[in-house]
Structure formats: C-alpha cells, structure tokens
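Number of protein chains: 4
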Amino acid sequence: MKENGKLKEAALSEVAHVKVHGRTTGSLAPLTLFWTGSAVEFNAKGSELWVEVEADYDVYEPWISIEINSFPVSRQMLTAGRYWVCVFRGMNEEAVKNVRIVRELQAMSDDPRCCLQIHAVRFDGEFLPVPDRALKLEFIGDSITSGEGVVGAKAEEDWIPMWFSATGNYTAMTAEALKADYRVLSQSGWGVLTSWDNNPNRNLPDYYGQVCGVLGGERNEALGASQANDFEAWQPDAVIVNLGTNDGGAFNSPEWTDPATGQVYKQRLNDDGTFNAEDLQAFEAAAESFLGKLRQYNPEAHIVWVYGMLGLPMMPAIYRAVNSYTAKSGDRKVSVFQLPNITEESVGARSHPGRLAHEQAARVLSAYLQEILHS
Amino acid sequence: MKENGKLKEAALSEVAHVKVHGRTTGSLAPLTLFWTGSAVEFNAKGSELWVEVEADYDVYEPWISIEINSFPVSRQMLTAGRYWVCVFRGMNEEAVKNVRIVRELQAMSDDPRCCLQIHAVRFDGEFLPVPDRALKLEFIGDSITSGEGVVGAKAEEDWIPMWFSATGNYTAMTAEALKADYRVLSQSGWGVLTSWDNNPNRNLPDYYGQVCGVLGGERNEALGASQANDFEAWQPDAVIVNLGTNDGGAFNSPEWTDPATGQVYKQRLNDDGTFNAEDLQAFEAAAESFLGKLRQYNPEAHIVWVYGMLGLPMMPAIYRAVNSYTAKSGDRKVSVFQLPNITEESVGARSHPGRLAHEQAARVLSAYLQEILHS
Amino acid sequence: MKENGKLKEAALSEVAHVKVHGRTTGSLAPLTLFWTGSAVEFNAKGSELWVEVEADYDVYEPWISIEINSFPVSRQMLTAGRYWVCVFRGMNEEAVKNVRIVRELQAMSDDPRCCLQIHAVRFDGEFLPVPDRALKLEFIGDSITSGEGVVGAKAEEDWIPMWFSATGNYTAMTAEALKADYRVLSQSGWGVLTSWDNNPNRNLPDYYGQVCGVLGGERNEALGASQANDFEAWQPDAVIVNLGTNDGGAFNSPEWTDPATGQVYKQRLNDDGTFNAEDLQAFEAAAESFLGKLRQYNPEAHIVWVYGMLGLPMMPAIYRAVNSYTAKSGDRKVSVFQLPNITEESVGARSHPGRLAHEQAARVLSAYLQEILHS
Amino acid sequence: MKENGKLKEAALSEVAHVKVHGRTTGSLAPLTLFWTGSAVEFNAKGSELWVEVEADYDVYEPWISIEINSFPVSRQMLTAGRYWVCVFRGMNEEAVKNVRIVRELQAMSDDPRCCLQIHAVRFDGEFLPVPDRALKLEFIGDSITSGEGVVGAKAEEDWIPMWFSATGNYTAMTAEALKADYRVLSQSGWGVLTSWDNNPNRNLPDYYGQVCGVLGGERNEALGASQANDFEAWQPDAVIVNLGTNDGGAFNSPEWTDPATGQVYKQRLNDDGTFNAEDLQAFEAAAESFLGKLRQYNPEAHIVWVYGMLGLPMMPAIYRAVNSYTAKSGDRKVSVFQLPNITEESVGARSHPGRLAHEQAARVLSAYLQEILHS
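Chains A, B, C and D, in that order, are what the protein sequence lines are.
Take the first sequence: its position 14, counting from 1, is numbered 26 in our numbering, and each next residue is one higher.
Take the second sequence: its position 363, counting from 1, is numbered 375 in our numbering, and each next residue is one higher.
Take the third sequence: its position 128, counting from 1, is numbered 140 in our numbering, and each next residue is one higher.
Take the fourth sequence: its position 172, counting from 1, is numbered 184 in our numbering, and each next residue is one higher.
Keep in mind the hints are simulated off the structure, nothing from the lab.
Every clue listed holds true.
Since the list gives no way to pick one copy over another, a pair counts as held whenever it fits inside one copy or between any two copies.
Subject to a maximum C-alpha distance of 30 Å in a straight line, what follows is the list of computed DSSO-like cross-link-like pairs (lysine-lysine):
{"hint": "1", "residue 1": "LYS340", "residue 2": "LYS278"}
{"hint": "2", "residue 1": "LYS57", "residue 2": "LYS18"}
{"hint": "3", "residue 1": "LYS31", "residue 2": "LYS20"}
{"hint": "4", "residue 1": "LYS345", "residue 2": "LYS278"}
{"hint": "5", "residue 1": "LYS18", "residue 2": "LYS166"}
{"hint": "6", "residue 1": "LYS57", "residue 2": "LYS166"}
None of the values given here were measured: they were computed from a predicted structure.
Chain A on its own, in the form it takes in the complex (with noise of 0.2 Å):
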C-alpha cells in the first residue's frame, strides 16, 4: 500500500469543526455516542480521513453507517478494540465531502458494557463548519424507532444489533425530508408505563432528563450517563413521541415480578379480552405525566403523539391522555398523528416494521410535521 504521508493525527477534541448529533455530555476527549443515530458529522476538504473508534461490550456489539454527502457507503460490525476506521480515501483533496458516522444501534441497556467511542481523526486536509439545520427534531420510541427489523431477512429471529438501523428507519428519513437535525431516544421493548412484558422500570419517561440514563454500570456513569442534559444547548421544533406498542403488549404477557421486591405487575385484560380499565387508567395517566414533562423540557416543542406501525389497540387510550392533558393545562401544541400500518410486503425481520414501513412511516410524518410547523 503507498502511505499518505499527508496524513495528520488529531484528537477528537483539538479538531476545529465537528458537529455531534445525539445527547452526550459535551466531551469530546472521547467522544461517547450513546443512542441510535448519535453521530459526529464533519464537512472534509481533503483526500483521506480515518476515525479512531473504540468499541467495547459484552454481548451486543455496536455498529455504524458512513454517509459521504449524504449518501450510504458503509455499514459495519465494530468489534472490541481501540482502533482506526477508514472513512474515505483517493478522493480529490479539493471537494469538501459532507461525512457522517452514525451509531446504528440503540444504546444498550442490557448491556452496561457496550459503549462506542470517537477518539481521533487522521486527515490530510481541513475541516470546514458544519451548520446547524433550521430545524430540529427529537424522536423517543421503542423498537420501532430503533429500527429493529430494517435489516435482515424476514425469516430472521434473533434479537442481536445487527437486524438494528438508524440510518434506514423513518427518524433518519423524516429528518431527511425536513432537512432537519434530530436526536433519538429509544429502547426495544419499553413504554410509557411498562416495558412489553410488564416491567415498570422499562418505561422512557423516567430517563427523559438525563442524558443516557437507561444506561446502568459504572462505567456509564463515568461517562456521565445519568447526568442532566442540558436541555437550553438544544431545544427541538417538534417532540415526537412514538410510544405505546409494548404498553398495549404488556396486556398480552405475563407478569413481572420484580426480584427486589417480589412485587408482581401485570396489565390485565377483562374476560372478553378487552383491556381492563384500571390497567388502562394508569397507562393513560404515565402518559399525561409524560407530556407534562415534555413540556417542561420544551418550552416551545410541538409535542406530536406518533403511533400506528404495529397496530392500533392504545390509540383511543393515547387520544383520552393527550385530550386530557390538553384539556387541564391548556396547551394546544400537542395533537396525535396515526402512522400507516405494516403490510406483507413493508414487514421487514423480527416482524418489525421492514424499509419500505420506514418509508411509509416518513412520508406522511414529514408531510403532517410540514404542516404544522409552518402553520
């Protein structure tokens, strides 16, 4: 191989124009890229980069997406190490290339050791800034809106990050259509109240002030997990709140018993299958709560209720929460919106909503956001 001699090695943190995506600490020496679609974005003018990445974990190993203007030219596993990553090389030294390396796998919280990292960069040219988008957007889900199934057969049915994509799912191509920045949170499996199989401490809500902190261990919280996010750094134009899929499930698992505890928690259905109304009650009321708090992070959000991929059963309940919450607190930029269901041909694996769903999904997200963000 002929060596670049041009080639020069930067921290992370003495570069002079990096953009992040996602919510971190700030720190940049490294930089911890903890959600799916975290990203750090450069605007490159030279001939060759390569990232210094570091990947650690236990079972659920982290992989990326290389976008070069925009379009996808790589994805891959990042097996454990401390090591360098080619971005781009042979291209002409003096186009600027739009680059982004976006985490494609949700932050783990199964797995307090799984953690990527951005160290450094090695680069024959210069950096130029990267601005900010007019608008931004945040999106909190489950599985759905970590892209669970956009990759992989659909015969697949193991649960392992390599069926995960940011980059494919219907946040990365709304944000696209919108030409927006975005961040997301999401976690498989969890709620507003309950994860899919009743546990009550898998619900997003509670972790929605901090910056990581479904993330448990100690070296997470040396990273600064659990710290508070700093919600004035980064106020989005619309909150869009994709919940609800493993609360209605969790009428259809057995119980959690809590091991602490050995207190058992279970959302019951009526003897006619229908949901029970106390059960459902509460899941309307961690709703609500969950608005409250939404709003008071964001001031000036419009906070958009999402739901539909996999099926309608909380959607009346969804709509009671939100008019209830309207109704008391007299916020009107809140409303719901209905996403298009999967078919047989847009299922992608782990029955989960496939590409072609994530298009759908975007289509008519983008085109409702359109409307009532510039109305």
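Given the structure of chain A, go ahead and fit chains B, C and D onto it with the hints provided.
Structure of chains B, C and D alone, referenced to chain A:
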C-alpha cells in the same frame, strides 16, 4: 468483551463445505477473489463466524459486502493488511445461516497490487453443503456491469472504489430473480475493440480465455490470473455481453498513442458527426469475432448481447455484428436485447446508472432470459 | 346498422335475476337509483344488452358508469329524457358477462328534480343469478365519499356532476378489495351537526333511517325517498362513517341564518383561533348520538369512524365522541381510523382527493377492515 | 329540465375555431373521423356545449372519449343514428374549456359501413383559437397502436370495439408527454408485408399515401377516404412505425388463399422452427421499401421503428431492413427502438398490452424521442 470459547479456526482449504463464486484457479489456500461479484458462500450452522481476509493495493482498496440469508447487512472498505472480519455473532446456534462475502470492486487492472484474499475462518459450528443453483449466468461488461455509480451521491466525480457495487447492480439482481449462480467479468472503460479512449489493448475479448488475464504484475501472475480458465468446470446457461458503450465513446474521445510503438489509434467520426464506416466495421468485426470465441468456450449457452443503459448509438452495429455472425455460423442461440436508458431519476454517481436504473434493467432482462431459457 | 332480431324487451320488474345495489324502496317498476354507487347488476349470458333509462333534473344531470366483468368500459352523462342505452353488443352469446350500471352522482338534495331510473332491458339471452357477496359494507360521508374531484383537472372549480365519481372513489375500491357488496349515503358539504356553512339541517344523521330522506320535493316523496329504510333486509358487516370534515369547516365559515325562523347558527372560533369549547362539544354530542342511532339500526355491525383525507382538525373531538359513546354504552365494536391526507400529487379537481388519494385511502382502509372483520 | 335558452346551433363548418386531429379530406360538412385518435378540439368559452354526431355500422359501432382540460371525463358507445351528445353543461361561462372529442375506435376496414361524423354544435359561448403544438408525431401500427385490449378484463376474448382505446394507449400518452399534436394510422392484425394470417393485402404501406385507404365501400369512397392525403398540410417531426408483430405472427399462422385468384400465401417456418430465409427477406424488403415511401412523403421527419411490446422475434430483421435502407440511401434520420414487453402485471384484455404496458412504453418512447428531436 466476553470471549466465545467455542470458536475454532480453520484454513479455508480445510473447510468441509465452501462454495466459491467467480473465476478462480481453484486454490483455497488462500482464495483470491479476482472479479467483482466473486464471493465465498457458506451454509453455517453456528452462532458466530469470522473470516480472515488479506487486502493489498497501491491505490484502489477492495470493498466487500456481507449478505445473511440473502439480505445485505454490511458493506465495508478493506484497508491493507491481513486480519479477521466478524461476519455474524450472537445468533441462534441451531439455525443455518446462508452467508455470502462478496467482492464489491471490479478487478483493478490499473492497480496490479490490488488484491483480495480469504485465508481462514473462525467458527463455533458446522458448515453444511451449499447446493449449486439450477441456472448459471455469466456477465461480461464494462463500468455498467461493474456497478460503477451504484453507490454515491449524483454529484460524485472521483473514480474510486467506494462508488462500485457488485451486489447493487443488475447482474446480482438478475441472478437473484432467476435463482441463478453467476459470474462477472467486467472492466470500467473497456470495450470490444478498444477502451473509451481508443486504447486497443483494453478489450475484454482478448482476456476471455483466462482466469483473470486483465490483471498484470508478478503477483497476479503468481496467483494464476493469467492461467487458462477451466471452462468445463462451469458452463453457463447464458452469457450476457454488455459491451459497446465504450467502443461508442471512443469515436468521441482523443486518439491514443501506443507508448511502446508510437502507433496512433482512433475511432473516427465523419465530418457530419456520423461514425466513420471503416472504423465502425472494425468494431463489428471485433464483436463478431468475440461471438465466435464465446461460442467456442461455451458450446451450449444462449448468448445475449445487451446494450442501452447509457444510450443506443452502437445498437445498429451490434445488430449487424450479431447478424453477420449468425448468418455465417448458423448459430441460432444468439440474440440482442435493449436495456432501458437511464433517466434523471435513475442516474447514480458519476453519471452512471444508479440503483434504480439497475433494478429496471434487471426486471426486463430477467423476464427476457426467463423466456429464452425456458422455451 | 344490422338489426339484432333476437332482442327481447322486458320490464326490469319482469327480469328473472336482477341485483340492486343501494337503498331503494324495493320497486323495480321502475327502479330509482337514489344514492351514488347505487347500481343494477346482471349476470348476462347473451350477445347484446340495452337498458332503458330515464333521467331528469333542473340543474344537475346524473351520470352512469358501466362495468363489464368489473372493468369500467363506459362513463356518460345522462341528459333528460327516457331512452335506451346500449350496454354491450357483438359479444359471444355463450359467455356470461357480469354487468354493473352504476350511478356516478350523489343524491342531489339541491335539485329535487334530479332523478335517475331504470325501466327495462332489451336482451337476446338469459339472465343468471347474481350471488350476494359474503361481506357487506355501508359508507356514510360527504363530498369525499361522493367522489367529488375524482374526475377533472386540478384547476376545475365548477361544482357540477361531471367531477363526481362513485366507481373511482375509495368506497368502490375498498369494497372491491374486500370482495364486498356496499352501499353509500353521502352528501357533499354536509356534516354530523351542520354543513360546511353552518346549516344545521344539512346533517346526515337526521336522515339515516330513511331510504333517501335528504331528497325533497313531491316526486321524490312519491318515489318513496322518505320511507323508512328496510334495515332487516340488508345488514352491513361494517358501517364506515367518514364525516367531520364539513363540521370542521363550519368553524371557519360565515354564520347561517334560517330563512324560516331568522335564527342564526355558527360554530365559533376562539380569539386564539382554537375551536369554541361549547360548539365543539355540540359536535361531539351529535357524533355520539349518531353512533347510538347507527347501533340501533345495525345491531351487529362494526362501526368505523374514518377521517383525515382533508386534514385532521376534528380528530380529537371524534375520538372523544367515540370514547364517550363507548364508555356509556359498553359497545366495543366501534373504532376510529385515520385516512391519509391528500398531497400535491394525489389531489384531484376542486381541491378534493383525486383518484390516487382514493387509492391510498382504500389500501389502508381495506387492510384495517380486513383485520377487524376477521379477528 | 331547465332549458338553456342561450344555446345556438351552428354547423361545424361555420364554427370560427375548430381544430381537427387525424387525416381528413378537409371537409367539415360534416367532419368524418376516420382513424383512431382522430378528434375535434375546441377552446370553448361558455357554459354548455353539445355536438351533433352521426354513427353508422353493420357490426362494429364507434366509441368516443371526451376530454375536458386534458382530463378524460366520458367514454361512450355511439349507437347508430344522428343525434346530439352533451359535452358539458353548467360550467362557468367565463372560463375557457379545452375540449377534445376523440374517436376511440380504429378505422374499421372489416365493416365498410362503420362511420363516425360530426355535423354541428350547440353552444352558448364563444370559440377561441386552438393553437398548434410545436411538435407533430405520426404513429403507424397494428392492434397495439389501436389500443386493442387497453379496456376490458384480462379474460375478455371477443373482438369488439369496446376493448379499443385511443386515449388510453401509448400514442396519446407519448404525445401528451412531449406536448405534441399527433395522428395515428393503425389496423389490428395488419403488417408490413402481410397480416397475421398471411393476407398480403392487409399491409399498411400500400395505403400510406391516402387519407384512409384501408376503408372500402362506396360511402367511404364518397367521403374521400381513398383520396391522396395532403402531406404538405401536416408534416410530422417524427414518424413512429410500430409494425412487424403481425408479420412475425404470419410465420405461425395457416396459409391464406386469395379468393379471387386462388393464389396461396404463406410465410414459412423451417423444420427447425426458424424463419424461412426467403420469406423473412420478403418482409425485410417490404420494410425497407416502406421506409423509402415514408421518407418520400416526409422529407424531414425522424423515422423511428419501434417494436417489442408483444415479443422480439422480428427485431433482427427490422434492424437489417433499416440498415439496408440506411446504407443505400445515406438517410441518417432513421432508427430502431425496442419497447418493453408486456408482463403478467401489465397485460390487458385479449392478451394485448393493458394500460400499464402502454404507460411503460410511452415513458421510454417519449424519453427517446425527446433525445433525438432535441439533439
């Protein structure tokens, strides 16, 4: 990272069931993937698989795609060195995964040092046989058939490996539609008689009999690239020739001077912009001769000359060449098929066909092949 | 013209097998097609078929579509008079043709003289039975459900029958997708509580119990339009209500003064542009009441309130109405389903949904109905 | 019905601005629409328009489509007689409507009595000039170009006018895409040398010089069908010839015996199923000769021979014919273009191309014409 203690390393040559795609010398120690679309395929029953690759180059680095159960899960640049790449991990050890590791980059005749090899595997399971498919296709072409421009934004202009894709072009799609095994011989810029820039040495026909004769240099020689190909071992049901685009371009390009002899080569235009009859006839003679050569090596195959994805100027000459060959030989298993031209919507990077254009071409070509192969 | 000497004339009431679609009084002497989508259907084994129609109107002329074996072959204006229309001729006399003659225009409450009747047939063959389909659907709606704007260039602005289509709208498409018989009750501009211009008389619920009570005038009275509908004779599996769009529009339209009483009606906006709570509540009460009425007449049907093809402002109120109805009644067979909004691409004439918008609506609605009707 | 007292009747020949499409004798008293796609076009500023038509036939009745502002609003059979058809009514009298009344049925050489004429108009407004479009196209073809099978279910087998459509086939679509005026000469079953059943009289070239020479009988003679066409009055920019499909079929059809002379005609197959060389050569000679005739009448037009919607067997012969013509004449404005074959999805009635197939053909053909007409 938790180590998987069950992984066992084996040289590729020791693996019980390995299927190789693309022309090779037959060697598995190591396996050299010369042409684009060349691949190693496994039916792997186990939870974790790694392959040991070796990549080298002066200028143009190889890329690979990994497909699990026919779904593309990863695409990555292989920088220089010998190292292990993880194919999958954490999967159900009882399920059989069909795995393909595919060379995404064409044989790089401009960089004799460009080389991609597979040495060994690490696996915790059992390899099962990979049956041959009932149908075999061979594609011969230029940049279109190399998938140049399938990857990358429309504005891209650099001629670099990143924009090439074997798995995203019409050859893979056509083979998939027909459930066929396939091989590709392609060189960007080359033609039947000359390359786009009038170089008469850059023609595919001269190298058809060899494993990968387009590659020069001592190492490729040592690896067997210039050996006679073993045609008996793999006889295609159809040979698809997608050449002529660069021969057409030569009429509009500057002359080429042979540095060794000083001889000047040029396909000439008449003053009125039409093709010089003598030079066009030279192309037709070369095409006709190539048909004879293809028939000699492939006594039973349907030969289909396809053309048109980047315009139609050579189509009458191609028809004349096929007509002349058929008239003289009585060979009835030769035909011509027009492929759809690119449009503003379907164009990819470097003004070449994008993925949509390849999908359109594959749709009509596979329907046509279906018809002639089953009648 | 060669006369077909075998044609025999018969009053419709004498025809052995005739299937009537849409609400009627049961009379076939003649048959009056009141509502859009109303139709007469034959399975006709013969070579040539004519029907004798009678059309009248002061302003708005009726249109029909003719479908042969489910394919639309003709669409034509019916000018005033009583005359024969040829349905088909010159066909194989041994083949059975399924034939539908469908009213394309909604019941025209603005033109009491508008009338479409079928008196008789001329035929040279035999009519075979037309079996009922396994599924029955009833649609209740406004201009969207009347297919206003399905026909015509986007620039069209006249409110005329030519732009209406029963066969090109989502009702026919949904029924076709589900292989269902269907009926439609729809009035352009009408709502649940009031019309788009605040007229409280123009509401569909008041007329639901009658054959076609929206039509006034002596002739319609004589034809039985205001008779009680025979609900026992035809019970739908699902009732799809697509109302609310005009109720929403009323908030943004001038007040309406009852010419008889001088009373003024207006759905009011608050100063901040939001809906007046009291007036919105009146809509919700009307919607809730309508659900009760629908259930009374259709004890077993799934009731689906659909909404969204021209925006979503009333959706929270619709959910509240359904919720309130469900809470009080315990009725579980009522749901809400959001239809896709029009886009620049899918809009038709008069700023109404075009054919593409209706296709999109039918695709998601039929998938949804499929799910709830088969679970 | 309220009478529109403002309607004034005028013979078509007295109308200030009327644009006629398709070959005619120039007579407007009445106007005879001979070929499919022939039409009368108005820019009508008024509220209500009627046309007086006269239809006759022994067997095959004519059909028309009505387009308002380029949108098809009506399609109807015209049974025998002379009567008034309402084109529109109740429209804004101040708006100008572009109106086309188009013959949907090909010239019916099998039924010399088949005739469609337009005598007069009733209108309450003013006709404005209809400008010629910048581009003119002429299409020559067989059943494909007659739009046979565009209308009707796939199962239909009768050969009747109902299944033919001018406005729903690739000729109208291509003209619309290129904003061109266009004419069509087409006969179902006919070819360049013979018809599908080896009748050498049923060839289009023999009649190209006449207005509509394919029509026999005294009345058509009297109407001027066999007059020399006035080529100076309308010179196309491109002549698109879509012939060869029936010439190919003749090889697989029984011989035809001339009832007058007893002479037997048959395009023969060799024992191995290939085309007899002599007979194929006769086709090529006929095609070559036709090109000369087309050039004689159209000195400046691009001539494009298109083929392939129902298979490709004659393509090599077509290329040879064009090649031979070009070689001898030096004429460079002649080319060949392959159209997409039908698929299971795109096939229409009577195993002919359906609307989707015509849309696909129009898309690629209009792109090709765009290229050659603007380069």
